[in-house]
Amino acid sequence: MPNLFRSIIFVMTSLFMMSVATPALSADETTFADYKYVLQISDMDPSKQVLVLNNAANLLEAYPPGAVKVEIVAYGPGLRLLFAENVNAQRVDSLSQSGVRFSACNNTLQGMTKQLGYKPKLNPDAVVVPGGVVRIGDLERKGYAYIRP
Amino acid sequence: MGDKKLFKRTLIGAALALGFAATNPASAYDWLMIQGTEPAAASVPAHVFGFVQAGFMKDYSSANPNAGPAAAPSLPNSYVPPKMLGPNLNAQSGFNVSHAQVGVRGTGFPLDDHINYFVLMEAGNTGLNNTSTGKSGPVLTDASVTLNYIKGARVRVGLFKTPGSDEAMQSTIATTYMDFSEVTNQLLLERYPNAVYTNNILPQTQAQLQASGLPLNGFTKPVGGFRDSGIQVFNSFDMGKDWSLTYAAMVGQGSGIELGNLDGKYDTYLYLATEKNLASTGPEDGLKFYVWSQSGKRLADITNDGVANPQLYKRDRSGLGVHYLAKPYRVSFEYITADGMIFEGPDKPSYYFAVPANAANVVNNGVTQKGNGWYLDGGWYIPGTKWELDARYDTVALNTGGVDEHKFTKTTLGVQYNFNPKAHVTLNYELRDFKCTASTTFCTNANKNLTGVGNKVGMQVTTAF
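In the order they appear, the protein sequences are chains A and B.
For the first sequence, the residue numbers in numbering that gives the first Met the number 0 are 0 to 148.
For the second sequence, the residue numbers in numbering that gives the first Met the number 0 are 0 to 464.
Simulated from the structure, these hints should not be mistaken for laboratory data.
Glycine included, each C-beta is placed from N, C-alpha and C at the ideal position.
Take these hints with a grain of salt, some might be off.
Unchecked claim - Label pairs and their computed distance ranges (CB to CB):
#: 1; chain 1: A; residue 1: 136; chain 2: B; residue 2: 45; range: 41 to 51 Å
#: 2; chain 1: A; residue 1: 113; chain 2: B; residue 2: 242; range: 53 to 63 Å
#: 3; chain 1: B; residue 1: 55; chain 2: A; residue 2: 115; range: 51 to 61 Å
#: 4; chain 1: A; residue 1: 123; chain 2: B; residue 2: 150; range: 39 to 49 Å
#: 5; chain 1: A; residue 1: 115; chain 2: B; residue 2: 290; range: 18 to 28 Å
#: 6; chain 1: A; residue 1: 65; chain 2: B; residue 2: 422; range: 38 to 48 Å
#: 7; chain 1: A; residue 1: 66; chain 2: B; residue 2: 188; range: 15 to 25 Å
#: 8; chain 1: B; residue 1: 239; chain 2: A; residue 2: 115; range: 54 to 64 Å
#: 9; chain 1: B; residue 1: 101; chain 2: A; residue 2: 64; range: 31 to 41 Å
#: 10; chain 1: B; residue 1: 290; chain 2: A; residue 2: 139; range: 34 to 44 Å
#: 11; chain 1: B; residue 1: 250; chain 2: A; residue 2: 136; range: 33 to 43 Å
#: 12; chain 1: B; residue 1: 250; chain 2: A; residue 2: 115; range: 48 to 58 Å
#: 13; chain 1: B; residue 1: 55; chain 2: A; residue 2: 139; range: 52 to 62 Å
As the list claims (entries may be wrong) - In silico contact screen, one side only, chain A against chain B (beta carbon under 10 Å); selected entries:
#: 14; residue: 43
#: 15; residue: 45
#: 16; residue: 85
#: 17; residue: 86
#: 18; residue: 119
#: 19; residue: 123
#: 20; residue: 127
Stated by the list, open to error - Below 27 Å or equal to it, Euclidean Cα-Cα: the simulated BS3-like pairs (lysine-lysine) are:
#: 21; chain 1: B; residue 1: 150; chain 2: A; residue 2: 113
#: 22; chain 1: A; residue 1: 118; chain 2: B; residue 2: 150
#: 23; chain 1: B; residue 1: 264; chain 2: B; residue 2: 240
#: 24; chain 1: A; residue 1: 120; chain 2: B; residue 2: 150
#: 25; chain 1: B; residue 1: 264; chain 2: A; residue 2: 47
#: 26; chain 1: B; residue 1: 296; chain 2: B; residue 2: 150
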């Protein structure tokens, strides 16, 4: 009995350590794509918004459908790309429908909320993540190639 | 929505962020939105931009053939403004920096797109900083703030280009020709009457103009520059199926770039345009239809009685046009009408409205006259090259129905080489035919001045930054 009890504790502890050490991908994040890319947008320069969207579109075109997974992580001034009224909003939507995931940094969002006095409205395609740089790090550990246009 | 349309909108957004210099000139742009707003959530606190346009031009007009009428004698070999190069009107050939503009635009606080600003200064040698008293330094041509708080109704306040003619609204980098069409030059580029009656300046010889410095320009105020200070409500809407609709309504002081209300009255401006996005053929391609009107009053003293007794006269302008760009072809057409305050200067240098009010046949007085004209422009962007060929025919009738109706026609042939989207070199050749057409009797003096208005050739380089 003591051995069984120890085994149960070991298994439970292992499961707990795995869940803490490595944030689990949600079901919709699980990907079987052969190629994975995370693109960072954190610049004030608005031309970088166009560039990162172009990069994402080019990646989708470069591979057969379903073979590539692209995620754009926006934080700092780059979070403006995912504002609802952004001039590129329809392009964001189009890429989202093509499978590109857009992650919005909650740390930046909170900071902007303080500056503006209200919470900026995000593009409905954006998924809020706790931290943009943390998200990038997590994706890199999962084998995503990191690109900063 | 196709990605090409999305790309066009994104490209235009980038063009706005880069000072609308990221695409080729003469495209079907929505100038109202480009010059009044910043791309939402994709702008910077301050973006410095500008234009430099410099070149050489030569006028082949011949001097007035004789000494003029007995009532208003002038020296032989004298000239009137159409025979001289503007804005200085004292030489028939020379180099000029027609634009040296520096501006800054942005959002100030980029997290909040609700407030945009636009400032532009002109330091080149233009009608904006040349008057009868000489040349002034750099002038402020644009300074405005746009408030984007009301859905469907942006509000722009300050000094800026008025909603109207496409040729007037387009930016420097988009210009295909070195000179405006005559209809735009005569009917829309406003010259403001002097505060008191001003005698006509007779045709002058080049020696008189250059040595004595007596100007052919008798106006103490700069030209209007297609601008006014006031408040404008405007916006553009996506109508679906690749169509957009743009409107503008503005109230201004009717004083051009001169801040201040010269006559205590206000001008109204209305504008409506619809454009079909043709991004399938090119990112900036489109088909635009537009209509506009301007209505105001001006003070003018037309009585030579030694008393300052100006009166108010109507100044109405309206137009409609179409602009088509689907590379390699471009076609644009605009028809413009004018009622009141018709500029008489072309054959009478400062004879703006200066004639005794009791003149029997109201010759040479444009305060109550009318005018109309149009231009047709075409361009061919030679595929696979950076070259384009351009041609424009324009015509304007001044004092229509009057005893001294004038007709000016001009054909401009152009070749342009586009080094890149921000720089091009333009070669123009103008064939001009200016005459007074209504009546032999009342056109005699005018045609003595206009006879010999010849062709012009010029080359200029334009760059944006």
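- Query: So which of those numbered hints doesn't the model satisfy?
  - Reply: 1, 2, 4, 5, 7, 8, 9, 10, 11, 12, 19, 20, 23, 25, 26
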